[in-house]
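Below are the chains, spelled out letter by letter.
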Amino acid sequence: NAGVTQTPKFQVLKTGQSMTLQCAQDMNHEYMSWYRQDPGMGLRLIHYSVGAGITDQGEVPNGYNVSRSTTEDFPLRLLSAAPSQTSVYFCASRGGQTNSYEQYFGPGTRLTVT
Amino acid sequence: AQSVTQPDIHITVSEGASLELRCNYSYGATPYLFWYVQSPGQGLQLLLKYFSGDTLVQGIKGFEAEFKRSQSSFNLRKPSVHWSDAAEYFCAVGESGGWGKFQFGAGTQVVVTP
Chain A
1 NAGVTQTPKF
11 QVLKTGQSMT
21 LQCAQDMNHE
31 YMSWYRQDPG
41 MGLRLIHYSV
51 GAGITDQGEV
61 PNGYNVSRST
71 TEDFPLRLLS
81 AAPSQTSVYF
91 CASRGGQTNS
101 YEQYFGPGTR
111 LTVT
Chain B
1 AQSVTQPDIH
11 ITVSEGASLE
21 LRCNYSYGAT
31 PYLFWYVQSP
41 GQGLQLLLKY
51 FSGDTLVQGI
61 KGFEAEFKRS
71 QSSFNLRKPS
81 VHWSDAAEYF
91 CAVGESGGWG
101 KFQFGAGTQV
111 VVTP
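Line order of the protein sequences matches chains A and B. Heads up: the first sequence begins at 1 in my numbering, then just goes up one per residue. Heads up: the second sequence begins at 1 in my numbering, then just goes up one per residue.
It cannot be assumed that every hint is accurate.
Only some residues are given here: those of chain A computed to face chain B with a beta carbon under 10 Å [unchecked claim]: (1) Pro8; (2) Tyr35; (3) Met41; (4) Tyr48; (5) Pro75; (6) Arg77; (7) Glu102.
Label-pair distances were calculated between CB atoms; the ranges are [claimed, not checked]: (8) A:Ser80 - B:His82: 37 to 47 Å; (9) B:Arg69 - A:Thr114: 15 to 25 Å; (10) A:Leu79 - B:Gly16: 42 to 52 Å; (11) A:Thr15 - B:Ser14: 40 to 50 Å; (12) A:Gly16 - B:Thr30: 40 to 50 Å; (13) A:Met41 - B:Ile11: 10 to 20 Å; (14) A:Gly3 - B:Gly28: 30 to 40 Å; (15) B:Thr113 - A:Gly53: 45 to 55 Å; (16) B:Pro40 - A:Ser80: 48 to 58 Å; (17) B:Pro79 - A:Thr114: 41 to 51 Å; (18) A:Gly3 - B:Gly62: 15 to 25 Å.
Covered by chain A, per the in silico footprint, the following chain B stretches (three or more residues, Cβ under 8 Å) [as the list claims (entries may be wrong)]: (19) 33-43; (20) 46-52; (21) 102-113.
Hints are computed from structural coordinates only; laboratory data are not their basis. Predicted model, so just to flag it, every value in this text is computed and none were measured. Ideal placement from N, C-alpha and C gives every residue a C-beta, glycine not left out.
Work the whole structure out from these sequences, hints included.
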């Protein structure tokens with residue numbers, strides 16, 4: 001099992017550009033989520049999905065879109081990048097069993113918007 | 001809604017000394033509690049988790065944590081730290097219902113001195 005994979009590892013964008021951060025998991029997990037990590041703020045939830053075709057907003061959704069067409073993939077789209085979106089982005093997944101609420105994290109994507 | 005407080009932003013500890021990281025949470029029901037560790041430039045690794053039962057939980061790398069309901073705390077401890085324990089540590093509380101939404105604390109940076 002590769003677990004949770006994310007691409008790219010690093011990305012530099014200019015203000016106004018768009019891009020998609022990829023996330024995939026091979027554990028057949030129902031739940032997937034995207035977080036951003038900023039110094040002194042821990043991880044904040046951007047969007048999450050409870051299954052294919054079902055997504056919802058988290059704490060900081062503005063400027064980001066998601067979709068979940070398959071169980072495995074959960075891409076995060078930046079519509080028009082802004083310097084405030086400079087951050088490290090983590091994708092996570094977990095199974096649907098009530099005794100496995102732990103989330104498994106990908107290695108992260110470090111994004112810089114200039 | 002749940003919330004998590006990690007009162008210590010930064011802790012410096014000597015190699016071989018004991019370590020305790022504090023975590024306080026707010027949640028209306030029985031929480032699911034987690035500690036994650038993040039080494040520089042890496043993703044998050046689960047150290048330990050508490051769902052129910054014994055309030056003293058053992059984790060990987062020699063860490064343990066104690067759930068104290070009366071104090072709404074879930075402090076992380078290690079009897080003797082190693083230089084490799086230098087990292088950032090995050091406490092998280094997960095909803096015990098719904099999809100298990102996580103709330104992370106802001107993190108505690110641990111520096112280990114010789």
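Status of the hints after comparison with the structure:
1. Pro8: Violated - the Cβ of Pro8 (chain A) stays beyond 10 Å from chain B, reaching only about 15 Å at its closest.
2. Tyr35: 8 Å, holds
3. Met41: Because about 6 Å separates Met41 (chain A) from the closest Cβ in chain B, which is inside the 10 Å limit, the hint holds.
4. Tyr48: Check passed: Cβ of Tyr48 (chain A) comes within 7 Å of chain B, closer than 10 Å.
5. Pro75: Hint violated; Pro75 (chain A) Cβ to chain B Cβ min 18 Å, cut 10 Å.
6. Arg77: Result: violated, 21 Å to nearest chain B Cβ.
7. Glu102: 5 Å, holds
8. A:Ser80 - B:His82: 37 to 47 Å: 46 Å, holds
9. B:Arg69 - A:Thr114: 15 to 25 Å: 48 Å, violated
10. A:Leu79 - B:Gly16: 42 to 52 Å: With Cβ atoms ~51 Å apart, the hint holds.
11. A:Thr15 - B:Ser14: 40 to 50 Å: 45 Å, holds
12. A:Gly16 - B:Thr30: 40 to 50 Å: Cβ of Gly16 (chain A) to Cβ of Thr30 (chain B): about 46 Å, so the range 40 to 50 Å holds.
13. A:Met41 - B:Ile11: 10 to 20 Å: The hint (10 to 20 Å, Cβ to Cβ) holds, given that Met41 (chain A) and Ile11 (chain B) are roughly 18 Å apart.
14. A:Gly3 - B:Gly28: 30 to 40 Å: 32 Å, holds
15. B:Thr113 - A:Gly53: 45 to 55 Å: 51 Å, holds
16. B:Pro40 - A:Ser80: 48 to 58 Å: Between Pro40 (chain B) and Ser80 (chain A), where Cβ atoms are some 31 Å apart, the hint is violated.
17. B:Pro79 - A:Thr114: 41 to 51 Å: 46 Å, holds
18. A:Gly3 - B:Gly62: 15 to 25 Å: About 24 Å separates the Cβ atoms of Gly3 (chain A) and Gly62 (chain B), which means 15 to 25 Å holds.
19. 33-43: holds (count 4)
20. 46-52: Our answer is that it holds, as 3 residues pass the Cβ test (under 8 Å) against chain A, meeting three.
21. 102-113: holds (count 5)
Violation of the numbered hints given earlier is confined to hints 1, 5, 6, 9 and 16; the remaining hints are satisfied by the structure.
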